Amino acid sequence: MGYLPHSEQERRRMLDALGIGSMDELFAEIPEEVRAVAMPELPEPLTEPELVERARKLGAQNRSLDELVCFSGGGIYDRFIPAIVRSVVSRPEFVTPYTPYQPEASQGTLQAMFEYQTMVCELTAMDVANASLYDAATGLGEAILMAASATKRERALISAAAPPAARRTARTYCEAAGISIEEVSFLDDSGATDLEALATALADDVACVCLQQPNFFGVIEQMDAAAELAHDAEALMIAGVEPVSLALLKPPGEYGADIALGEGQALGLPPGFGGPLLGLFACREELVRIMPGRVVGKSQDANGELAYCLTLQTREQHIRRARATSNICTNEGLCALAACVYMAALGPDGLREVATAGARNAHHLRDLIADSDGVATPRFSGDFLNEFVVRVEGSPDQLVRDLCAEGYLGGPALDRDYEALSDCLLLAATECRSREQIEGLVEAGGL
Amino acid sequence: MPEPTLFELSQPGKRCVELPESDLPELESGWIASEQLRDEPPGLPRVTEPEIARHFAHLATKNFNVDANFYPLGSCTMKYNPKANEEIAASPQWSRLHPETPEEHVQGAMRLMHELECWLAEILGLPAVSLHSPAGAAGEFTALRVFRACHESRGDARARVIVPDTAHGTNPASVTRCGYESTNIASNERGRIDLDEIADALDEDVAALMLTNPNTLGLFETDVLEISRMVHDVGGFVYCDGANLNAIMGYARPGEMGFDAVHVNLHKTFSTPHGGGGPGAGPVAVTAELEPFLPIPRLVEREGRIVWDRDRPQSIGTVHSFFGNFLVLVRAWAYILAMGAEGLRRASSDAVLNANYLMRALEGRWELPYPGPCMHEFVLSAESIRKETGLRAADFAKRLLDFGIHPPTMYFPIIVDEALMIEPTETESLRTLDRFIEVMLRLADEAESDPERLSDAPTRTSVGRVDEVKAARDLILRWSEDS
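These protein sequence lines map, in sequence, to chains A and B.
No gaps in the numbering here: position 35 of the first sequence is 34 in numbering that gives the first Met the number 0, and each next residue is one more.
No gaps in the numbering here: position 417 of the second sequence is 416 in numbering that gives the first Met the number 0, and each next residue is one more.
Read the hints as simulated data drawn from the structure, not as lab findings.
Hints may contain errors.
Unchecked claim - Restricting the straight-line Cα-Cα distance to at most 16 Å, the calculated cross-link-like pairs of lysine to aspartate or glutamate (EDC-like) are:
1. LYS249/A to GLU366/B
2. LYS386/B to ASP433/B
3. LYS249/A to ASP38/B
4. LYS151/A to GLU233/A
5. LYS13/B to GLU47/A
6. LYS82/B to GLU47/A
7. LYS386/B to ASP401/B
8. LYS13/B to GLU233/A
9. LYS151/A to ASP203/A
10. LYS13/B to ASP38/B
Claimed, not checked - From chain A, some residues computed to sit far from chain B (all C-beta separations above 12 Å):
11. ASP231
12. GLU233
13. ALA356
14. GLU442
These numbers come from a predicted model, not from an experiment.
Glycine included, each C-beta is placed from N, C-alpha and C at the ideal position.
Generate coordinates for the entire structure from the input sequences, incorporating the hints supplied.
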C-alpha cells in the first residue's frame, strides 16, 4: 500500500522499541467483547490505474454539463471559470493545510481569507463578513438563530419565494432551538413577495424577515420596502443574495439589511452535484460578536510587522463550548479562496459583464418563448435578471426529461415545492449560453 | 516580506478575463426599475492574470501544508491526501454535474454515493448512513436532531445530553444548537469516563450521551458497553464522535460498542484534504431504529436503479442545500477503493504504532499525565516545565514551527494543564518520527539552557509570533485604504 511509508523491517524495529511482538498487541486495551470478529466487507483494493479506470467508467454513467447545455437554475449555475482559479486552488499549499489556528504557519490562507472577506463586504456593502459558511441553506438557519439571539424573539418570517432548500434547512436548524418559522406568500401575478401579507404577519414577537433577491423565481423583490416593514416592527432584515447579480443590483447594505447571506457557487466553483458550496455571510458591525463562523483579522507580530490571524475566537465552540454562538468549527476555506480568485480575475467590470450577459441571454430566451406559440409561457410579470418561471402544457417533469434527451438541461420543475406552480418550471441563462443554444432550446422543447 | 493585498495591487483600467461580444439584442432601457440598480460598482480589485498568479504564489510560500510539513495535530488526523483522489474529483464527469439533473442521467454519482454509504456502514457496524452533513459538527447536529425526532415521535421529549469533559467543544455546542442542555461529567484518574458520574447524571430526562472513542486523551473507553447499557436503560441514545475513528478501523466497530449513531470526518480518517479550513464532510451512521428520521432525500435502490426518496414523513428534513459535499465524498470513495479492508486496518495499526513509538521515546523527558499504551494519539503536559521555567505549551508549539513542524493541538483536552496533544497518523515515515523525537528532546533541553529561544519563537516563519489579543481588540476585518 503506497500511502503507508513503513517497510516491514521498520515496523519490526518500532515494535522492538516498544517491546511488543505483534501489531495486534497494540490493541490489547480494546476489551474482547467489542473487538471486531471479522473484517468489514469492502471491495478488494485497487491499484491506481485500476482506480482511475473504475472512476472513469462509473463517471461515464453521468451526463455532465459538458454534455448537457445548461439552462437549469435554482441556485446552482453553469458559469465560466477562468483557468487561474483552478490553478490557484489546486496548489497543495492551499489544498492540504489545516485550519489556520497557528497564524505564523498560515499567513497565506489568512491573507487570502482577509481579502475574501473584504470582497464580500464590497459586493454586499455590508460592514463585516466571515470567512464563509457551508452553503446558503445552512447560512439562512444560522442567520435566523442570530436574529433570534439579537432580538430575544422566537418567530421568523420567510418569503415563500425564497429558495425552498434554504427554507427547509432553516426549519431543521431552527425548530430544534425553539424558533418557529412562518412563510409569507407571494403575489400570483408578479411573483414577488406579498408585502401586505408581510405587514400583516409582522408583530412585536418577530425576530426577522427573510427575503431573497432575486427570489427563487428570478423575480426582483422590493427589498427596501420589506426592510422598512421589518425595522418598523424592530425585527432584523435578512437578505438572501445572488452574488453575481450584485454587480448590477442595489446591494443589501444600501437597503437596510442587517444580515446578508447567499450561495457563492457562481463565484468560480463548479456545480459539483451540489457540493461543496460556499455560504456567503455578512452583517452589520453591531452584530459581529454574535456572527457565526470563522473571521480573520489584521494584527501585527512581535516585531510590529503586519500579520493576520483568526479572531473573535471567544465566540467559538472550542472556547465557549455549550455557550458558543454556533457549533460551526469549519468554513469552506478552499471554496472561499476560489471565490476570491474569481472575483479578482473578473474585477468589477468583468462581473458586471457576466451579470449583464446572463440577463441579456435570459431576456432573449423569454422573449422567444413569449413570442412563440409553443408549450411554454412566462408565468410571472415581475422584473427579472437571468432566471424566470414558465408555465407549460403537460408535465414539467416530463418536459425536463424530454429536453435532456435533446441535450438540454432545464428546470427544476416547481411541483415538488409549490402546489400552485405544479405546471411550472424554472429556466436560467448565464453568460455561457450562445444565441444558437438559446434558439436550440426553444426549438427542442417546442417552447 | 509582507505581500500587498490584491486591493493594493489594483490599478484603474486593468483586468484579467474578458468575455466574448454577444450578438444578441441589447437589454431594452427600463428592463429593470432604475432604483433597483446599484450606483457604484463593487470595489473589487482590478488586476491582471500574471499579478494574480504571482500574488497567490507568494501567499502559498507562507503556508505550512501536509505535502511539505509534519502535522502531529491531535484529533485532527492530518494524514497525507492522495493525488489520485484530487484528479478524480476534478474530472468534469463529477465536478460538472448539476444537482437538478434527472436521476437517470446521474446514476454514476448516485451509485458512488450509494457505495460509499454501504462501505461506511460496514466500517462502522451500523446499517444506515447519511452523507449530507458538510462537516463534523454538522454531523453531530444531524445525529442529535435525529435523536430528538425519535424521542418526540414517541411523545417522550427530553431535555439533557451528557457530555464528558474530554469532549471536543463542538459536542456541547451542538447540544445547545439542538435545543438541549448540556450536562458535563468528569473523567476518572485513568482518563476514562467515570461510571459513577454517569449513574449520577442519568435519568429519564437524558436524551443522549456523547462519547468520543478512543477519547481525546488517546485512550480507549474500556467500559463502553456498560456505558451504553446504562444509557439505554433510561431510554437514552449513545452517540459516538467518530473524530478518532482512525485508531480502530478493522479492530472495532462503533455499532458493536452499543452506539446508536456516529459521525465520521471524511477529512480526517478518509484522507480528504482540509483545504485550510474546509470543505469537509461529516457523514452520520445510525441504527435501523433511527433510520426513518435521517435527512432527506435518502438514496434507495429500486429495480437496479438508484433513486432519491423524499417521501419520508418522519425525517428531520434537509440539512444542506443538496446532498452534502459531493466532491469530498468522491475523494473518500476513491480512498476506500485504493485501501480495501486490509489497507484500512493497516492504516489504523500503523497510526497506533506511530503514536506509541513517539510516546515511549518522549515520556522520560516529557510529562505524560495518563500513561499508555495509547491508541492513535497521546497527550503530553508542559505543566511541570511551566512551574520551573514559566514557559508554556504555546512556547514549545511556536518553537516547533522553527523546525518546520506544525504544533500539536494545544490546551486540549481541557482536563490536562498545558496540554500538547500529539497524533502522528500512519502516513509519516520513521525518519520523520525520529526527527520529531529529536526536536522534542532538544526543546526540553532548551527549556533549561536557553528558554528565550522558546519564548521568542518562532523566528524562522514568514512572521513572528502574532498578537492575537490586538486582533480581537482592534478588530480590523477587511482591507480599507486607511487601515
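Hint-by-hint comparison with the structure:
no.	hint	result
1	LYS249/A to GLU366/B	violated, 60 Å
2	LYS386/B to ASP433/B	violated, 28 Å
3	LYS249/A to ASP38/B	holds, 7 Å
4	LYS151/A to GLU233/A	holds, 11 Å
5	LYS13/B to GLU47/A	violated, 44 Å
6	LYS82/B to GLU47/A	holds, 10 Å
7	LYS386/B to ASP401/B	violated, 24 Å
8	LYS13/B to GLU233/A	violated, 44 Å
9	LYS151/A to ASP203/A	holds, 11 Å
10	LYS13/B to ASP38/B	violated, 21 Å
11	ASP231	holds, 20 Å
12	GLU233	holds, 25 Å
13	ALA356	violated, 6 Å
14	GLU442	holds, 16 Å
Violated hints, listed in ascending order, are 1, 2, 5, 7, 8, 10 and 13; each of the other numbered hints is respected by the structure.
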